[in-house]
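Turn these sequences into a full structure, and let the hints steer you where they fit.
Here are the chains, one letter per residue:
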Amino acid sequence: MLRKLLILATLACPAFAAPVVELDAIPGLPAVKVQDLHYGDVLFYFYQHDHFDALVRLAAYHDQGRLTSHARDAELLRGGLYLSLGQHREAREIFERLLSDASTPQPVRDQAWYYLGKILYAAGLYEESDRALRHSAGSLAVDQEAERRLLIAQGLLYRKQYEQAIAELSNWDGPRYWLAYGQFNLGVALVRVGQKERGLALLDSVGQLVTKWPELMALRDKANLAIGYAHLQAGEPAAARLALDRVRLAGPQSSKALLGAGWADATAKQYETALLPWQELQGRNLLDAAVQESYLAVPYAYAELGAMAQAVEYYEKAIAAYDAERSRIGESIGAIQSGHLLDAALKAGSDGREGWFGQLADLPESPESRYLYHLLAGNEFQEGLKNYRALDAMAKNLSAWSDSLGAFTDMVETRKQAFAERLPAADARLATVDVATINGRRDALQAEFEAAVAARDIEALATGDERAQLDTLDAVDAELALHPGDSTYDDAREKARLARGVLLWKLDDAWKVRTWQASRALRELNASVYDARTRETASSRAREGAPERTAALGARVQTLSPRVAALAVRVVDAKAGQGRRLADIAIRELEDQRKRLDEYSVQARYALATIYDRATAGAAPAKPTEPAP
Amino acid sequence: MRSAIISFLAGIVMSMPVLAGDTTEPAAEPAVGRSALDSEVQSLRREVVDLNRDLFMLEEDLLFPASTQVAVFVSMDSSTFFALDSVQLKVDDKEVANYLYTAREQDALKRGGVHRLWLGNLKAGEHEVVAFFTGQGTHERDYKRGTTLKVEKSVGAKYVELKISGKVSKLQPEFVVRVWE
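If you read the sequences in order, they're chains H and G. No gaps in the numbering here: position 567 of the first sequence is 564 in the numbering used here, and each next residue is one more. If you count the second sequence from 1, you need to add 14 to reach the numbering used here.
No wet-lab data here; the hints were simulated from the structure. Where a beta carbon is used, it is the ideal one built from N, C-alpha and C, also for glycine. Please note that a few of the clues may not be correct.
[Claimed, not checked] A few chain H residues facing chain G, derived, Cβ under 10 Å:
(1) V510
(2) W513
(3) A549
[Unchecked claim] Once the Cα atoms are required to be at most 25 Å apart in a straight line, the calculated DSS-like pairs of lysine-lysine come out as:
(4) H:K413 <-> G:K137
(5) G:K158 <-> G:K104
(6) G:K108 <-> G:K177
(7) H:K383 <-> H:K393
(8) G:K108 <-> H:K30
(9) H:K30 <-> G:K104
(10) G:K108 <-> G:K167
(11) G:K108 <-> G:K137
(12) H:K314 <-> H:K592
Below, the structure written as structure tokens:
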């Protein structure tokens, strides 16, 4: 019994608690006004919790020089993204590099110290973490500052420096959310150093929190469970019952609370009342250690009440339930050995984002998935499954790239071929265009126009018809000049003079408009010539650089293809290894469960046999003793 | 016997250091004691990220060379009253993108994320970019607004930002187009 309860307690309740980091796995990264569109693109993925894509884009845009306005923010985010992916070494390198750079501004330094402190804390390097976290004080956001203090205190608790931890957590003035965690941890620390009353009072303040936040509700349950068991230990069943009654019936701690509530009643010799929580447990999942325990506790209470018939009935029910569960565990072990457990684990949350843990609870009932959610209670399995899913995602990613690289190779080949085929025709077309001659003609026109404007040569801007008329008048004047002094030509001379006068008057009248039009036409001509020259240059450059560029792209494809192939092989191997490890953990855990059920079953049979023996011997039915460990 | 059990149990409850599964959780075992498989997974993660970076850049250089590259981005002011449902994008009267935003993407936009709606190739010269935004404004009023821009594509890559901002005075969304070089 003792050993069983030890296991139960191991599964039951944490002493220290830390809030699950808010939905952003990297809380408190400073808000920035986006000055590079590509940095905003990274944030678009980051805010969707797609940290892998965010990291890839961040690295690519950084190398492409597209994040110049956000160099420090980008580096801080990169460190944070590595941290969220569990790549602590890379994250640590980045934060240390930021800190060693004297030009890093103080707010970024504060953030870097803070994240470095978290990494060191996660690695169990509490002294180094303490130093880093103490450096980070200054410009942190309120939640970050609260978490910083909590981490310092927890580091002290882990180093068993309770008094310092108490000092650190005293006078806590952080936000309510963090305050509750601070109070919980301080309460636990005080109980540990023997200051039970102070500790329980703090735990009690957490245990009576009024909140709608699911996480704080869970913390409240943990506090009440801790209080309940502390009072049970002190032989104070009434106080224990009071705290345990505050644990939610639907929460993850409820089974342990119901079991404890029953024990509190049983300690007070109120076996009938103890039956209520214990019988409530019997409708629950038998894989829960508290539920398993309740199957023995119920007939024990009936026996204490002298109701031997019910005791027998419930011992038989317990034996049947244990046997059925053992059989189901056997089926599941078989399914796991066939590799089906991991197929089930991959079915949930296939988009690779958060939330897949919860979905595992809703998988259809089958031998391979039945115990999956339960197995996740173990940190080793949980971490292993995260890695397995990450490896699966990597395998899919590499497979997709492998297909793309095949297409890229074809594309490069097609480009080479198309270039070779089109080159002669393109060269022929380019040969027909003489941009230099066009440019020379444009220059001549420009000079002609400028000379006409300078001399106010109105005839220079005459239209074709007007030019013809001027030519005609010139011819008439030349003819008339052959007959000087001949009065018969006087009339013609006068008409020619008048006609020229009218024409020149018209030209003079149109001069202003025509100079403007000519000027505009020249500007348009300039633009067209400029475009033609630009295109000619671009065409020549494209023609000259194209084979080299295509070859360079081809070389990159050829370099990356073997990298993808080699990594794919390693990922497949690692995935297989991780799968085997997970199966081993799962089978080990289920075997332990089966052994425990075996032991419970033996105890139930022993108690049953005792009752039958006493009944057969005609003696008054004896109360079964508490089963031996 | 029972009191001994309870005592032991209470001790366990008070001493088991279990933390929620976040990044601050201390490692179950120190990094130096990590198994070869764990180290291999860490190493693979890093190498896959690096490889994806190189492949991402290769894909862009191959499919959208800088000389012809045009990217259209969608951004949003956090203060805007507009709940964006979709954006339809036409370039030179040809539909090139028609994107429907999920709630998660809408949230990412409101928090400062910028969505690269379209990445494509255009020849040098003038092009017409037309975007139609549909969504809901204040009082759940349906909106469909269009905005047009003439883009002069030169030799380098061209980036166009379609920004949705809130006009506090009129309680109306405003659609602004900005060209980045």
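### Query
Taken at face value, is the distance from the CA of K592 of chain H to the CA of K314 of chain H at most 25 Å?
holds, 19 Å
### Message
Just to be careful, I want the Cα atoms of K108 of chain G and K167 of chain G compared with a cutoff of 25 Å; is the pair within it?
### Response
holds, 17 Å
### Query
Do the alpha carbons of K158 of chain G and K104 of chain G lie within 25 Å of each other, as the hint requires?
holds, 15 Å
### Query
Taking only the CA atoms, is the gap from K30 of chain H to K104 of chain G under or equal to 25 Å?
At roughly 28 Å apart (the allowed maximum being 25 Å), K104 of chain G and K30 of chain H break the hint.
### Message
Hinted pair, alpha-carbon criterion (25 Å max): K108 of chain G, K177 of chain G. Please report holds or violated.
### Response
Judged against 25 Å, a Cα distance of about 21 Å means the pair holds.
### Message
Against the 25 Å threshold, does the CA-CA distance of K383 of chain H and K393 of chain H hold or violate the hint?
### Response
With a Cα-Cα distance of about 15 Å, the restraint between K383 of chain H and K393 of chain H holds, given a limit of 25 Å.
### Task
Quickly compare the C-alpha distance for K108 of chain G and K30 of chain H to 25 Å and report which way the hint goes.
Not satisfied, since the Cα-Cα distance of roughly 33 Å exceeds 25 Å.
### Query
Should the hint that A549 of chain H touches chain G count as held when the rule is a Cβ pair under 10 Å?
holds, 9 Å
### Query
Is it true that the CA of K413 of chain H sits at most 25 Å from the CA of K137 of chain G?
Roughly 20 Å between the alpha carbons, so the hint for K413 of chain H and K137 of chain G holds.
### Message
Less than 10 Å between beta-carbons is the criterion; does V510 of chain H satisfy it with respect to chain G?
### Response
Since the shortest Cβ distance to chain G is 29 Å, the answer is violated.
### Query
Can the hint on W513 of chain H be confirmed by a CB-to-CB distance to chain G that is less than 10 Å?
At 25 Å from the nearest chain G Cβ, W513 of chain H fails the 10 Å test, so the hint is violated.
### Query
Hey, K108 of chain G versus K137 of chain G, does the alpha-carbon distance stay inside 25 Å?
At roughly 15 Å apart (the allowed maximum being 25 Å), K137 of chain G and K108 of chain G satisfy the hint.
Hint check: violations occur at hints 1, 2, 8 and 9; the rest are consistent with the structure.
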